[in-house]
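J.: Just so you know, the protein sequences line up as chains H and P, in that order.
The working numbering numbers the first residue of the first sequence as 6 and each following residue consecutively.
The working numbering numbers the first residue of the second sequence as 9 and each following residue consecutively.
Some hints could be false.
[What the hints assert, rightly or not] Some chain H residues near chain P, calculated using beta-carbon distances under 8 Å: (1) Val118; (2) Val135; (3) Gly153; (4) Thr157; (5) Val273.
[Unchecked claim] FRET-style restraints, in silico, Cβ to Cβ: (6) H:Asp238 x P:Lys105: 49 to 55 Å; (7) H:Gly201 x P:Asn42: 42 to 48 Å; (8) H:Tyr254 x P:Glu156: 20 to 26 Å; (9) H:Leu48 x P:Gly151: 16 to 22 Å; (10) P:Val286 x H:Leu188: 37 to 43 Å; (11) P:Ile34 x H:Gly201: 55 to 61 Å; (12) H:Val62 x P:Asp267: 35 to 41 Å; (13) H:Leu48 x P:Ala198: 40 to 46 Å.
[As the list claims (entries may be wrong)] Away from chain H, derived, C-beta distances all over 12 Å, residues of chain P: (14) Gln13; (15) Thr57; (16) Gly109; (17) Gly141; (18) Val161; (19) Thr181; (20) Ala186; (21) Val201; (22) Phe210; (23) Tyr241.
For the record, the hints were derived by calculation from the structure and aren't laboratory data.
Note that beta-carbon positions come from the ideal geometry of N, C-alpha and C, so glycine has one too.
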Amino acid sequence: MTTTLARPTPATTPPRNARSARQVRTSWLRGIAIVVAMLVFALPVIWMIAAAFKTNVQVTDPSTGLWFTPTLENFTGVLTGGELPAAMANSLIVGVVSTALSALLAVPAAWAVGRFAMYRTGSLVLVARVVPAISLLVPWYYLFAQAGLVGTYTVLVLSHMFVSVPLILWIMISFFQGLPIELEEAGQVDGLTPFGSFLRIALPLAAPGVATASMLAFVASWNNFLFALVLADSDTKTLPVTLFSFISYASTDWGGLMAAATIATVPVVVVALLAQKHIVAGLTAGASKG
Amino acid sequence: MGTAQHRRLRWIMLAPALAFVGLMIIFPLLFTLNLSFSDAFGAVNADTTFAGTRNYTDALTDTNRFWPALWRTVLFTVVAVVLETVLGLALAMLMRKPFRGMRWARTVLIVPLLATPVAIGVLWLLVLDPTIGIANHVLTAIGLPPQEFLGSVSQSLPTLMLIDVWQWTPMMTIILLAGLSTLPTDPEEAATVDGAGPWQRFRHVILPMLGPTLAAALVLRSVDALKTFDIIYATKGAGGGSAFEAETLNVLAYGLTFDYQEYALASAVLVLFTALIVGVVLLLRRGVGRDAT
């Protein structure tokens, strides 16, 4: 993880030398409590990933535990011949395209809201978070069916953008607020237009924020189940929908099911490992301001 | 920054995003509202006639599906969000001061809330499987009776609540940790000097200052908990199980729409459901305003 750009959010961590020796020496009790909590959150995921590397006999015998000779047969099983590779490709295409288009719409909008304090207008977009998505799905289906778009990538991208645009907007508003306005004003004194100061000053400074917001938007698209469940056809089914259709085989092929679930989860876990700090900043954007 | 040029620019920057979200939401909402007063069934574009408020009275007098689903939605949300808030706050207080492995702990916390919900459902189906799951294996090993979990009518909803708590407590912790890190340290130090113990400092100094963050997190979580769909549908299937034991309003509306093509009735349920969510948001926000000021 590279942290070359200083994050413009207000400094939140106390200086290192402010920690007294007593604070550094964490109590045993606190340490144990934290370890137990982390095990509660990590073990189920570890159990799933382990099961993906077990034979079907081992999966159905919980006493196998976490010590066993791993096998790749579940992965080769689901990755060859089945629907899963196509579903992964569909999820990737829809995720990348919907995220890129959402960023294109939402980043300039977030700058306008943050810079010109158009909070009332900006918060309108948050209505999208409150309304239950199913109430939109029937009209969408009807409308897109008229246009002959149901089952295409277009309709999946548009529906996923409906989640991603508000998400990126929400994160980027607080990011732009954290940027010092003086730099943009100085740029305008030196002859930049207001739009030029956005493009050449604010946007480059906001690049880490755009990266974080885009990452979270991609994850939201990758994870989205409901929209593709209704709007996709057999050729454009995304990973969660395909995974869902695998559940009916659970009793016969637990290993394959766990391999498919692991394939869905691992990209997200990798993102979490690589960009933990930025993800935390993105998830808490706005919320910590009340 | 109030020139005409600026005013034009800010609208040009904002318009595409606003127009997109507006188009995707305004017409569909009007469409749904219209359907809810019609007798649409089987196909949305078939000829429909005005049915007045019949769909609403149908829904509100349905003690078989609607009211149990409403009750489950509220129960699920209240239990899950309260547990998530209490546990999330406790964990945030534990993790507040720096410790070795902080980076790893935060990574572990992010995984449940970024993982694909359907995959989480699949994972808990294996862990909680009555016969081959590790959960019953552990219970038996420590001398407790094995449970049915998602396989039984009575335990399905409580089990789903616990899965939700597992998945979303980290979100609470992460938001509250961010809130805690922005608090000034002076009041707490002053309270320590005045002889306040750890609990008193938490209750009378930290908690009031954390109010706005806590409230924002509560609104966010409540809205999402009310709308929980993926986990329930992935683990219990259509109708929330054979006896509708895990059917919430969202699952009911989905079933009415896509399994029964009862578009008119489904739209009425959705309008009522939306009203419930908006009501909860307004209620929580009002509580927030009082606490924060």
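J.: All hints, please: hold or fail.
T.: Status of the hints after comparison with the structure:
no.: 1; hint: Val118; verdict: 7 Å, holds
no.: 2; hint: Val135; verdict: 6 Å, holds
no.: 3; hint: Gly153; verdict: 14 Å, violated
no.: 4; hint: Thr157; verdict: 16 Å, violated
no.: 5; hint: Val273; verdict: 5 Å, holds
no.: 6; hint: H:Asp238 x P:Lys105: 49 to 55 Å; verdict: 53 Å, holds
no.: 7; hint: H:Gly201 x P:Asn42: 42 to 48 Å; verdict: 46 Å, holds
no.: 8; hint: H:Tyr254 x P:Glu156: 20 to 26 Å; verdict: 22 Å, holds
no.: 9; hint: H:Leu48 x P:Gly151: 16 to 22 Å; verdict: 21 Å, holds
no.: 10; hint: P:Val286 x H:Leu188: 37 to 43 Å; verdict: 40 Å, holds
no.: 11; hint: P:Ile34 x H:Gly201: 55 to 61 Å; verdict: 34 Å, violated
no.: 12; hint: H:Val62 x P:Asp267: 35 to 41 Å; verdict: 36 Å, holds
no.: 13; hint: H:Leu48 x P:Ala198: 40 to 46 Å; verdict: 41 Å, holds
no.: 14; hint: Gln13; verdict: 7 Å, violated
no.: 15; hint: Thr57; verdict: 18 Å, holds
no.: 16; hint: Gly109; verdict: 8 Å, violated
no.: 17; hint: Gly141; verdict: 7 Å, violated
no.: 18; hint: Val161; verdict: 19 Å, holds
no.: 19; hint: Thr181; verdict: 9 Å, violated
no.: 20; hint: Ala186; verdict: 4 Å, violated
no.: 21; hint: Val201; verdict: 15 Å, holds
no.: 22; hint: Phe210; verdict: 14 Å, holds
no.: 23; hint: Tyr241; verdict: 8 Å, violated
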